[in-house]
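Undergrad: What follows is the residue order along each chain.
There are 6 protein chains.
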Amino acid sequence: MPLIEYEDALPEVRAVYDDIMETRQTDWVNNFWKALAVDPVTLRRTWESVKEVMAAGALDPLVKELVYVAVSVTNGCEYCIASHTASARTKGMSEEQLVELLAVVGMANETNALATAYGVPVDDAFRRS
Amino acid sequence: MPLIEYEDALPEVRAVYDDIMETRQTDWVNNFWKALAVDPVTLRRTWESVKEVMAAGALDPLVKELVYVAVSVTNGCEYCIASHTASARTKGMSEEQLVELLAVVGMANETNALATAYGVPVDDAFRRS
Amino acid sequence: MPLIEYEDALPEVRAVYDDIMETRQTDWVNNFWKALAVDPVTLRRTWESVKEVMAAGALDPLVKELVYVAVSVTNGCEYCIASHTASARTKGMSEEQLVELLAVVGMANETNALATAYGVPVDDAFRRS
Amino acid sequence: MPLIEYEDALPEVRAVYDDIMETRQTDWVNNFWKALAVDPVTLRRTWESVKEVMAAGALDPLVKELVYVAVSVTNGCEYCIASHTASARTKGMSEEQLVELLAVVGMANETNALATAYGVPVDDAFRRS
Amino acid sequence: MPLIEYEDALPEVRAVYDDIMETRQTDWVNNFWKALAVDPVTLRRTWESVKEVMAAGALDPLVKELVYVAVSVTNGCEYCIASHTASARTKGMSEEQLVELLAVVGMANETNALATAYGVPVDDAFRRS
Amino acid sequence: MPLIEYEDALPEVRAVYDDIMETRQTDWVNNFWKALAVDPVTLRRTWESVKEVMAAGALDPLVKELVYVAVSVTNGCEYCIASHTASARTKGMSEEQLVELLAVVGMANETNALATAYGVPVDDAFRRS
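Chains as they are written, first to last, in our numbering: chain Z, 1 to 129; chain P, 1001 to 1129; chain B, 2001 to 2129; chain Y, 3001 to 3129; chain W, 4001 to 4129; chain S, 5001 to 5129.
Please note that the accuracy of each hint is not assured.
To be verified - Computed cross-link-like contacts, DSS-like style, restricted to lysine-lysine with a CA-CA straight-line distance of at most 30 Å: (1) Z/Lys51 to P/Lys1091; (2) P/Lys1091 to P/Lys1051; (3) W/Lys4091 to S/Lys5091; (4) W/Lys4091 to W/Lys4051; (5) W/Lys4091 to S/Lys5051; (6) S/Lys5051 to S/Lys5091; (7) B/Lys2051 to W/Lys4051; (8) B/Lys2091 to B/Lys2051; (9) Y/Lys3051 to Y/Lys3091; (10) W/Lys4051 to S/Lys5091; (11) B/Lys2091 to Y/Lys3051; (12) Z/Lys91 to P/Lys1051; (13) Y/Lys3051 to Z/Lys51; (14) P/Lys1051 to S/Lys5051; (15) Z/Lys51 to P/Lys1051; (16) Z/Lys51 to Z/Lys91; (17) Y/Lys3091 to B/Lys2051; (18) Y/Lys3091 to B/Lys2091.
Think of the hints as simulated: they come from the structure by calculation, not from any bench.
Isolated chain Z, as found in the complex (with noise of 0.2 Å):
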């Protein structure tokens, strides 16, 4: 699939990349809404949701960079682990806690893994009240 400069994109995607920047206070698009900039209803929504679910709340916005790049790395996706663990580093993260975080990915395949294949019930004590 090709990838659309903003110069040769139409207005309703450069309102997108606008935003983009403007959001992330840069002057550069990343490829992945490169991509999708050739179906600009999906570009918009996609993007709209995005930036919805990643701003802070109630978990800080670095804390949903280390979740996305976990979600990534269990579904293999290279592109993705690129772009968050890059996106993570921009948001302070250090190598320790890259590190720490994908020991913890690794483990979490594990035991996922293991609960599956033993076919563990769940403890009364988990279920809610």
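Chain Z is already provided as a structure; the job is to place chains P, B, Y, W and S on it using the hints.
TA: Chains P, B, Y, W and S only, in chain Z's frame:
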């Protein structure tokens, strides 16, 4: 697979159960470990590994639990979602944090699929020098 | 693994290649089959199965290709995305159809994760009498 | 997680429920939305997104439901299989179409694994000029 | 989906059931086949394929069952874990072998995630000349 | 992430590399470990765990490597497929065994999807008394 209770457990299994309860400051052991107890070698190795990985470090233990939930949802492991959501609550997770976490996990699964579908190439800016 | 070209292939492999080209009305065989050709038994069984499954029936062949792309994206199989997207185009898929397909696949991956995360019970109305 | 019924719902949740029932021309809301209602922001965003993605366009709504089922099977989401199979039936899917769909999904999961296992390189003919 | 019993089955379905029972030297058919029987074409093709793939060859049938369990755990298919664990026991798997198998599957899921997370490049020594 | 060579490694990393080479009776270390070496704690724990799990026991080491390949294919981990296929060859796997293994993995992925799609209930005979 059977669940092995403390009173029926081998000494090496009891030793792991004791360490779980002491580390967590609780008086019970959840079913995951009682299932693994049919294989004392895997029980011990898995517990020692989880204890090391989930301890406070550059990331705080609550963040690690949130990451664990994120991986477990992505893998569809019902037991793991239940147990690590409960652990996260014990470590202070609010309901607002939980729903934000799940929103991020949902979104990440969507954009992972889109990035894969569109075959997005990794930006040079995301590759480290 | 090597790719086995027609001129280097065993007679039973050539017979499958010939049937692929005749069924598809083309003069070439794509790499998937050339890779499987190291195992003529699997090559034959897989081709016969794919031919049976993908033939016109209650669903038309283009819809079946769209479904194939959806599964391939969800599994992250780059080769399969490329080959079945190409097949779908050959069978008439427009670019508008492709981007709508990928939007559905993205959305389905998100709501699958949310339904799993929230542990939603199946509605009685969805269970068939 | 609790299921929130209409009579117990906040006004912004009721507004979404009303739009779901009007859009679908039904008098009930399925459990997925009642579970998401604990997070009205995610409920609204997810419903608006699903409504936009699943509307008639270049692909007809039944084909989109078939694709949804295919992704849900591949991810192993029991709730999603049940709900989107029911939706597909409502939109006219026959039992013959359902079993053909599932046969394609099964086959795609097999050949995805084989293509990955054999490390098949993408054919030049599948790369677009 | 309904389960189709022998006495209610079409002749072509009964023929498959008979071959399953004769091949396995048993007097019953497990639910997987009774579910697939709503689609006699898929029933026949799937059974013929499974019979061919699982027969003794360069790998012995027990090793093939262990591999089947490993894939089923990784995919989180509860039915498949149960049925192939039972088949493996029938073919002589001991409890010691089962727990070692599951320990390998757990470990493989962890190191798969770590290799993906770290983006490890394939060693030249692993590429075949 | 960087790959850390022996000459640039910390003493605790060198100790792991030395144990890898001695255990495997080789004079080199593959990239997986050189990548993990940025996190000496995870390197050590992962190596000790892999060494324990993959040692000869009730299952022989070749069977364990076959299982590792099966999981790696199912997860789509290219690095892991390459490294564990190479290890299996070192331990005596023939090409006939490899192609049979991959045929089983392919078939298992198909029937896993079918069992999930059809929602097959576990047979009473598969539940242990």
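Undergrad: Given the hint that B/Lys2051 pairs with W/Lys4051, test it: the Cα-Cα distance must not exceed 30 Å.
TA: Status holds; Cα separation ~19 Å.
Undergrad: Assess, step by step, whether the Cα of Z/Lys51 is no farther than 30 Å from the Cα of P/Lys1051, and give holds or violated.
TA: Cα-Cα ~35 Å, so violated.
Undergrad: Does B/Lys2091 lie within 30 Å of Y/Lys3091 when you go C-alpha to C-alpha?
TA: OK: Y/Lys3091 and B/Lys2091 at ~24 Å, within 30 Å.
Undergrad: Quickly compare the C-alpha distance for B/Lys2091 and Y/Lys3051 to 30 Å and report which way the hint goes.
TA: holds, 28 Å
Undergrad: For the pair supplied as a hint, W/Lys4051 and S/Lys5091, confirm whether the alpha-carbon distance does not exceed 30 Å.
TA: holds, 28 Å
Undergrad: Does the alpha-carbon distance linking Y/Lys3051 and Z/Lys51 stay inside the 30 Å limit?
TA: OK: Y/Lys3051 and Z/Lys51 at ~19 Å, within 30 Å.
Undergrad: Can the restraint linking W/Lys4091 and S/Lys5091 be considered satisfied, given a maximum Cα separation of 30 Å?
TA: holds, 24 Å
Undergrad: Regarding the pair Y/Lys3051 and Y/Lys3091, is the alpha-carbon distance no greater than 30 Å?
TA: Since the Cα atoms of Y/Lys3051 and Y/Lys3091 sit roughly 15 Å apart, the hinted pair holds (cutoff 30 Å).
Undergrad: Is the straight-line distance between the alpha-carbon of W/Lys4091 and that of W/Lys4051 30 Å or less?
TA: Judged against 30 Å, a Cα distance of about 15 Å means the pair holds.
Undergrad: Is P/Lys1051 close enough to S/Lys5051, meaning Cα to Cα at most 30 Å?
TA: Within the cut-off at roughly 19 Å; holds.
Undergrad: Would you mind confirming whether the straight-line C-alpha gap from Z/Lys51 to P/Lys1091 stays at or under 30 Å?
TA: holds, 28 Å
Undergrad: Checking one constraint from the list: CA of P/Lys1091 to CA of P/Lys1051, max 30 Å. Satisfied?
TA: OK: P/Lys1091 and P/Lys1051 at ~15 Å, within 30 Å.
Checked against the numbered hints above, the structure breaks only hint 15 and satisfies the rest.
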